[in-house]
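Peer 1: Go ahead and model the full structure; you've got the sequences and the hints to work with.
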Amino acid sequence: MSLGWARRNRRNGTCAVNVSPRNRNGRKMIRTEPDKRAGGGGSDPHPRAGLQTAVCDRLRNKGKGQRLKAEQPSPTTTMPQPVTILVKRRATMPVCSPYLPPEAKILGLDVTITPRIPLQIGLTVRVEELVPCNDLFQGEDDLGVPHYCAKEMGIEGTITAIRAVEADITEFVLRNTNEQSNIVAAYVAIKHVQGETVNLVGWQRLARWLAEPLLPRIRDIPVETEAIVLRNEWVVVGGRRVQRAVGSYRRLREERERARANV
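Numbering-wise (UniProt numbering), the sequence shown opens with residue 1 and increments by one.
Treat the hints with caution; some may be incorrect.
Okay, derived cross-link-like pairs now, DSSO-like style, lysine-lysine, Cα gap no bigger than 27 Å in a straight line [unchecked claim]:
no. : residue 1 : residue 2
1   : Lys105    : Lys151
2   : Lys151    : Lys88
3   : Lys88     : Lys191
4   : Lys105    : Lys191
5   : Lys191    : Lys151
6   : Lys88     : Lys105
Restraint ranges, calculated between C-beta atoms of paired labels, are given here [as the list claims (entries may be wrong)]:
no. : residue 1 : residue 2 : range
7   : Thr177    : Pro216    : 31 to 39 Å
8   : Asp135    : Pro80     : 36 to 44 Å
9   : Thr84     : Val145    : 17 to 25 Å
10  : Gly195    : Pro82     : 15 to 23 Å
11  : Arg258    : Asp220    : 35 to 43 Å
12  : Arg258    : Gly122    : 42 to 50 Å
13  : Arg260    : Arg231    : 23 to 31 Å
14  : Pro102    : Pro213    : 39 to 47 Å
15  : Leu100    : Arg231    : 29 to 37 Å
16  : Pro102    : Arg175    : 13 to 21 Å
Everything labelled a hint here was simulated from the structure, so no lab data went into it. In this text, a Cβ means the ideal position worked out from N, Cα and C, and glycines have one as well.
Peer 2: Rendered as structure tokens:
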């Protein structure tokens, strides 16, 4: 608003406009009042007064909306479901640390069946041990096909690092988060097939490619593609995982024994 506009309205005798100091928001307060010299009993609002009031109300409501949004609780994040990997026990190593109990151990494991998701750093996994049960399958159709039953090992956690690299093998470090187990960590080795068994990021693949001529070829972990795995059935009772029924491999053996007895 210019002073020229106010003087022109004074000459017309309509109203006098007073400009007060800035308010707490830093904006000028515009107030209209009747012109006593002209004897006017009323006054018309300033053309910009309504616009300024609307802008102030909008800013005030916007601040309230931001405060309400900040006070709203954030939605709970869902933890990723662990990926089950089937392994064979390779070695058991003691842990010589004054900060851990004497029964603490580290396991060496080999993954012989391709996991559902390639192993990588940051992946949450649950470990189950493969126990051979070929003696339960004596039929002609079962010859040459390995059969295993999956047994819980009490190992569940996140892959944190790569421990060793060979020409055909990559070994990961798995930190066990199960406090009821005396196994603090596991070294999980798997045959290196990028995109199928492991998923290394760009710089990890580059480092492996540069070091590949120097990598030793000590051993190999064959991948079993035709293996049949029988899983035990579990149920959660009172917050604990208990076996709901006899393991499927035992149940199958009992059924076969009953069938042979009936014959």
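Peer 1: Against each hint, give a clear statement of whether it holds in the structure.
Peer 2: We went through each hint and held it up to the structure:
In summary, the hint linking Lys105 to Lys151 is supported, as the alpha carbons are separated by about 19 Å, within the 27 Å threshold. As the CA atoms of Lys151 and Lys88 are separated by approximately 11 Å, the hinted pair is consistent with the 27 Å bound. A C-alpha spacing of about 13 Å is found between Lys88 and Lys191, which places the hinted pair at or below 27 Å, so the restraint holds. Our distance criterion of 27 Å between C-alpha atoms is met by Lys105 and Lys191, whose separation comes to about 24 Å.
The suggested pairing of Lys191 with Lys151 holds, with an alpha-carbon distance near 22 Å, which does not exceed 27 Å. Restraint check for Lys88 and Lys105: satisfied, since their Cα atoms lie roughly 16 Å apart, inside the 27 Å limit. Look at Thr177 against Pro216: about 32 Å separates their beta carbons, and that is inside 31 to 39 Å. Range check, Asp135 to Pro80: about 38 Å between beta-carbon atoms, so the 36 to 44 Å window is met.
With their beta carbons about 21 Å apart, Thr84 and Val145 fall inside the hinted range of 17 to 25 Å. A hinted range of 15 to 23 Å for the beta carbons of Gly195 and Pro82 is consistent with their spacing of about 21 Å. One distance hint, 35 to 43 Å for the beta-carbon pair Arg258 and Asp220, holds here, with the actual separation near 42 Å. At about 48 Å, the beta-carbon gap between Arg258 and Gly122 stays in the expected band of 42 to 50 Å.
Range check, Arg260 to Arg231: about 25 Å between beta-carbon atoms, so the 23 to 31 Å window is met. Between Pro102 and Pro213 the CB atoms are about 42 Å apart, so this pair conforms to the stated range of 39 to 47 Å. Distance hint check: the CB atoms of Leu100 and Arg231 are about 32 Å apart, consistent with the given range 29 to 37 Å. Distance hint check: the CB atoms of Pro102 and Arg175 are about 20 Å apart, consistent with the given range 13 to 21 Å.
In terms of the numbered hints stated before, the structure departs from none.
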